[in-house]
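Student: Kindly generate the complete structure, drawing on both the sequences and the hints.
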Amino acid sequence: MSARRPFYFVGRAVEAMARRPSVAFVSILTIFVAAFVIGLFAAVLRGGERLLGAWAGEIHISVYLDPAADLDAARAAAQTAAPGRTVEAVSAPVALQRFRASLGAQGALLDGLRPDLLPPSVEVRAPGIALAEARSLAARLQGVPGAREVDYGNAWLERLERLLQRLRWAGIGLFVALALGAAVLVANTLRLGVFARRDEIDIMRLVGATDLFVETPFLLEGLLQGLAGGVLAAGALVGICALALPGLATAGLPLARSEVLPPALIGAVVGGGAALGLLASALAVGRELGRRAR
Amino acid sequence: MIQLFHVHKQYPGEAPALLDVSLGIEKGEFVFLTGPSGAGKSTLMRLVFCAEVATSGQLLVFGRNVAKVKPSQVPYLRRSIGVVFQDFKLLPDRTVAENVAFPLEVRGLAPREVKRKVSAILGSVGLDLKAGKFPLSLSGGEQQRVAVARALVGDPALLLADEPTGNLDPERTLEVMDLLHAANARGTTVLVATHDRTLLERYKKRVVALERGRVMTDGAEIRRTGFA
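Those protein sequences? They're chains A and U, same order as listed. Residue 1 is where the first sequence starts when you use this note's numbering, and the numbers rise one by one after that. Residue 295 is where the second sequence starts when you use this note's numbering, and the numbers rise one by one after that.
Be careful, since some hints might not be right.
As the list claims (entries may be wrong) - The following residues of chain A were derived to be distant from chain U, with all beta-carbon distances above 10 Å:
1. L51
2. A105
3. D151
4. L243
5. L245
Unchecked claim - Partial list, derived from the structure: chain A residues whose beta carbon lies under 10 Å from chain U:
6. D199
7. M204
8. V207
9. D211
Said to hold, decoys possible - Stretch by stretch, here's where chain A covers chain U in the computed footprint (C-beta under 8 Å, at least three residues):
10. 362-370
11. 396-402
To be clear, the hints were calculated from the coordinates, so they are not data collected in a lab. Everything numeric in this text was worked out from a predicted model, so none of it was measured. A virtual CB, placed ideally from N, CA and C, is assigned to each residue, including glycine.
Tutor: Below is the structure:
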């Protein structure tokens, strides 16, 4: 293949799209929808993970102690178990006092109760800690002398993470299903283009074109259409982020665009669209050439 | 150039298209292949340009057994064969020049060389002024001249023409036949399938007559043995 051949094939691919703009439009649209849906799902999943990370950063672990436990010894043990973390010993009366304060005007309801109603505890604050680390820290704190119960305090985070984990698996399944479905759909769409040019293929073969010569413009066409669909999908995702993120921030879900839609994800959407177009056109032209053996 | 030894071609569920056909065509010959519809003329042509494979027997083209030519090598064999069809097989959305340039583009010739050769061949078939026209704006005779130009632009050693004048009036028929004749005079071996008896009588070339897949008469054989 001489050096000018790539330009010849690109020229033929562009020319073919210009000759049948409706077929090219449908192919680009199909790839756009597939890349957009997959990209949107990935962005939502990333947003959820980021929010989880942010919330997990406020983890606060309470180690409830036996009423007879040595508070100072427990605090020292907790400090050893959680080096570098803020550890506070809270006696039973202080705990009740704080509870009363948290009730505000209704704190009077607690009047007359025993001051040792609530158990003494050791409170460990671990800002910026990941959920997995928090879990392991909580396990270590079980060994504090006199510890009766370690309240994770963030049980709902566990549930949220389980949900995200399921979503991640569902995402992988959805991604595979969408990618396969999109490849078949795009392949069928591109087959329309190949079918519309079957006379051209016959004549090319008649005058001595190799399969590579016949296939290359179709593959480039698929690649270019995929690239166009991917770029449009990435643009649409950026647009949706620009519209949705300010509203989410107002609703207490602060997310930056780079967290939801990082450059790597934008690149993956564009590259995925191009790969999808290439794969689909390879399927389409391969099937058509296979049907026309020799 | 072309040799067939006991070639048999059978399509599933149909009568044999070719039955024990043996014949040889020498380099530089002009041969008419004739016979009624369904006699096997087109099948024989398709075997020669490797669009089909014989069910049994041997077919040699340029000394190569086509049954043993690898699929990847078929395109290179075809580049030495020009083909003309009754229905022209031109691409309607490409200009005359683009249609004729196709075989040269397939071979990877430089654009300047393509332009030069296309211009020369269109001049030789009298269509140099129609280079920028689209096929459907031309008459049937002109379209067939474009098809002949496309078949000849790559200087093939062998030209196959399957009923090339079947859609043309007598005057246009002679124009196209003259082009084939001129190609033969320049050294190209020409095999023309036709059932037009006036052509056989006018051009006095070797005639191979097929009927129901068998060779009924062969001009070369008649010359050699004196029996029809």
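Student: Evaluate each hint against the coordinates.
Tutor: A quick look at each hint next to the structure:
1. Taking the minimum C-beta to C-beta distance to chain U, about 55 Å, the non-interface status of L51 (chain A) holds against the 10 Å cut.
2. No Cβ of chain U approaches the Cβ of A105 (chain A) within 10 Å, the least distance being about 84 Å, so the stated non-interface status holds.
3. No beta-carbon of chain U comes within 10 Å of the beta-carbon of D151 (chain A); the shortest separation is about 73 Å.
4. Residue-level check passed: L243 (chain A) sits 43 Å from the nearest beta carbon of chain U, beyond 10 Å.
5. Interface exclusion of L245 (chain A) from chain U stands, the closest Cβ pair being 48 Å apart, more than 10 Å.
6. Taken as an interface hint, D199 (chain A) checks out: its beta carbon lies about 7 Å from the nearest beta carbon of chain U, inside 10 Å.
7. Interface restraint check: M204 (chain A) against chain U, minimum CB-CB distance 7 Å, threshold 10 Å, status holds.
8. The beta carbon of V207 (chain A) comes within 4 Å of a beta carbon in chain U, closer than 10 Å, and the hint placing it at the interface holds.
9. A least Cβ separation of about 8 Å between D211 (chain A) and chain U falls short of the 10 Å threshold, and the interface hint therefore holds.
10. With a threshold of 8 Å between beta carbons, the proposed coverage of the stretch 362-370 of chain U by chain A holds, since 5 of its residues qualify and at least three are required.
11. Beta-carbon proximity to chain A at under 8 Å applies to 6 residues in the stretch 396-402 of chain U; the threshold of 3 is reached and the given coverage holds.
Comparing the model with each numbered hint stated earlier shows that all of them hold.
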